[in-house]
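Trainee: Residue numbers (our numbering), protein chains in the order written: chain A, -2 to 86; chain B, 76 to 731.
Hints in this document: simulated from the structure, not taken from any laboratory.
It cannot be assumed that every hint is accurate.
Interface residues of chain B toward chain A, partial, derived using beta-carbon atoms under 10 Å [claimed, not checked]: (1) I83; (2) A197; (3) Q201; (4) R299; (5) S370; (6) R617.
Pair by pair, the computed Cβ-Cβ distance ranges are [to be verified]: (7) V338/B with R32/A: 54 to 60 Å; (8) S254/B with E41/A: 26 to 32 Å; (9) T442/B with I46/A: 26 to 32 Å.
We put the CB at the ideal spot given by N, CA and C, even for glycine.
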Amino acid sequence: MLWLVVFVCVLLAIATRQSAGFRAARRLGELREERMALEARRTELERQIRLGSSRQVLVPLAERALGLHQPSDSEFSLLPVAPSPSVGP
Amino acid sequence: MAKPTVRIAAIQFGFALGVVALLTRAVQLQIVDGEQWAREAERTRTERRVLAARRGAIYDRNLVPLAITQEFYHVGIAPNELDDPGAGLRAIVRSLGVPGAAIDREFRSGKRWIYLHGPFNATQVQSLRDIDGVHIEGAFQRFYPSRELARPVIGGLEPDSAVGAAGLELALDSILTGSPGEAVLLKDRAGRRYASPSRLVRDPVPGNDVVLTIDAELQEIAERGLADALEEMKAEGGDVVFLDPKTGELLALASRQVHPGAVPRASTFTDPFEPGSTAKLFTAAALLQNGLVDSTEKVFGERGVWNMPVTRSGRRTRQIRDVHVHKGSVNLAEAIRTSSNIAMAKFSLRLTPEQQFDMLRDFGFGTPSGAEFPSESRGLLAPPHRWQPMYTRASMAMGYELGVTPVQLAAAYGAIANDGVLLAPTLLREVRDPSGRVLFRREPEPVRRVISSQVAARLRQFLRGAAGEGGTGEEAQLVNYTVLGKTGTARRFEDGRYAPGKYSATFAAIFPADDPQLVVIVKIDNPKGSYYGGRTAAPVTRTMLQQALASRRVAIDRGRLTPPAARVATTAASQGVGTPAPKPVVVVSWPIRSTDSVPSPVPVPSVKGGSVREAALALHRRGLRMRLQGLGRVTRTAPSAGELAAPGASVTVWAE
Chain A
-2 MLWLVVFVCV
8 LLAIATRQSA
18 GFRAARRLGE
28 LREERMALEA
38 RRTELERQIR
48 LGSSRQVLVP
58 LAERALGLHQ
68 PSDSEFSLLP
78 VAPSPSVGP
Chain B
76 MAKPTVRIAA
86 IQFGFALGVV
96 ALLTRAVQLQ
106 IVDGEQWARE
116 AERTRTERRV
126 LAARRGAIYD
136 RNLVPLAITQ
146 EFYHVGIAPN
156 ELDDPGAGLR
166 AIVRSLGVPG
176 AAIDREFRSG
186 KRWIYLHGPF
196 NATQVQSLRD
206 IDGVHIEGAF
216 QRFYPSRELA
226 RPVIGGLEPD
236 SAVGAAGLEL
246 ALDSILTGSP
256 GEAVLLKDRA
266 GRRYASPSRL
276 VRDPVPGNDV
286 VLTIDAELQE
296 IAERGLADAL
306 EEMKAEGGDV
316 VFLDPKTGEL
326 LALASRQVHP
336 GAVPRASTFT
346 DPFEPGSTAK
356 LFTAAALLQN
366 GLVDSTEKVF
376 GERGVWNMPV
386 TRSGRRTRQI
396 RDVHVHKGSV
406 NLAEAIRTSS
416 NIAMAKFSLR
426 LTPEQQFDML
436 RDFGFGTPSG
446 AEFPSESRGL
456 LAPPHRWQPM
466 YTRASMAMGY
476 ELGVTPVQLA
486 AAYGAIANDG
496 VLLAPTLLRE
506 VRDPSGRVLF
516 RREPEPVRRV
526 ISSQVAARLR
536 QFLRGAAGEG
546 GTGEEAQLVN
556 YTVLGKTGTA
566 RRFEDGRYAP
576 GKYSATFAAI
586 FPADDPQLVV
596 IVKIDNPKGS
606 YYGGRTAAPV
616 TRTMLQQALA
626 SRRVAIDRGR
636 LTPPAARVAT
646 TAASQGVGTP
656 APKPVVVVSW
666 PIRSTDSVPS
676 PVPVPSVKGG
686 SVREAALALH
696 RRGLRMRLQG
706 LGRVTRTAPS
716 AGELAAPGAS
726 VTVWAE
């Protein structure tokens, strides 16, 4: 009789383990899809930021709305600045 | 009736026969045909599926993505599987953004399967995953976030595949392509599939990422500058190349063809052209390197027209003309400065064809540059035995009978900027594995020393004259920084002959003159109106350099651009005992307002005693420009504080 009990217990353990495996696989799949969705969203937002901050968009907007223009090389200065106080050893 | 023992024996025999038959069948099924049935069971219960590997991404040098692979989705709808068709339809229309009326029509037509190709992204299909009757099928798709930026160079994939078809996608295909994986799915009786975590055969391995030398910001400047120039000049096409002469890295490559029937292509690599006067420098290099001319030697300018003998007898001649007429004699520097065809043709006769050929070959003409582009042209450089000795030498000296690509020309000018050492131009900076670990980093690759550093310095002096006051390329010159350069204007060779009235205008520049950081090639095909390189390509070069300087994101080391006064101060400070040298940094002013209306004069602010930075800020806030003399604390200004100055006017600031 004992062997029958052992046999049923082993069967139950196998079935439980298999079910847990399927549940974990399903959850893993869902998380993977969620991550894909978030990555896609991030890529799209990054693309929009890049497009919005590109010269193609910003320069005409700045010229039209703010009356700005592209500076020539005589309109900006390269200045040497003193280094920040260094930390001793 | 048989005896009971006989009956029992018969029954036992029957049982035994049955057992034997059962065992025989069992042996047949399990042992004889066992493998076949096991395969059959496996086939009906499981399905092997290839897992596609993600293709590696392509980035610019600052890791701006230029080409990436994302998972996209197609959606299938089985209307009869939907629990609530109305709600399902609304959810599909809302999530996917597809036209509701069209889907509704498909629903009403009684179709059993509606397929929406899309492709849709993961965000769009996320909310549809739990709806019965909606079947989502994923697939990798190549995506170019920066749209058309550098597309002819980057290329693309074969339709509906992950295999490179053109450009860098093709050239770097083996690096970008990953290894596909394999998984086993379980199937139930209804044909539904379940992922089984214990049955993953092999994980897919994503492809490696590639970091290019391209600078997206500079690329945008080049593409926009070229497009504006072509529109303004009503030209047929053009090319722009930016190259770092110290590393051979190609920073920007813009190509554009706008004439009818033009096929978009990376003509910076594929289309050789006759470089015209930009090639005069290479004849000068051969003359100097072989010691065949010195700075005092001159040739007669022939008053702008010379009938050059092209046979030993002198019976056959070729007329050569100059735009800039020389009534006297000219030396080599003057010949380059004014782009004299006559003087260069005369000087070229001192070279043997072999010497001239060797120099052009050493500069990289007639052979592919070696950049990682799959369909690069080698250009055209005929060997000396195919030359007409006198005719071809003069032609080569003027930039004819020689075909070069813009990239080859950039690499050759890069050698002059790099003290005579030719570096192989490259588009590839790094290869990284999917985790970001650097697998390969390209180092500058010297091809050969073409000329001595002394000759390279002399050639740069010639270029300084050619782009300086009175030179053909003076329109490329900036106010605060010196540009070296040479113009070129060549007749266009089309359909087997020189097309009348059609020209290629070119400008080759090195920037800045001291410690060069950029080589720029601008070529305009058949501009309308003024067609000289000095009037067309040179000002385009200046505009693009100004934009590059004004952009803090472009790969220019501004510390090496410090004006001479500041550099002297920096050097002096570095020689002081215990005093660290100040680190030069860049302050780019906010662009001042343009003067659409007549501006009212503003008083010059008092900046005496303040730092240079404070003075710059105060002046720029009033719309005034600053011209700096010296460094340190401000001692005086002109105009003085309180005097009126028009917005946009320059105020000279003296500092000590």
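Trainee: Hint by hint, say whether it matches the structure.
Mentor: We went through each hint and held it up to the structure:
1. I83: Check failed: Cβ of I83/B comes no nearer than 32 Å to chain A, outside 10 Å.
2. A197: At 4 Å from the nearest chain A Cβ, A197/B passes the 10 Å test, so the hint holds.
3. Q201: holds (5 Å)
4. R299: This hint holds: R299/B lies near chain A, its Cβ roughly 6 Å from the closest one there, short of 10 Å.
5. S370: violated (31 Å)
6. R617: holds (9 Å)
7. V338/B with R32/A: 54 to 60 Å: violated (40 Å)
8. S254/B with E41/A: 26 to 32 Å: holds (28 Å)
9. T442/B with I46/A: 26 to 32 Å: violated (43 Å)
Consistency with the previously given hints fails for numbers 1, 5, 7 and 9, ordered from lowest to highest.
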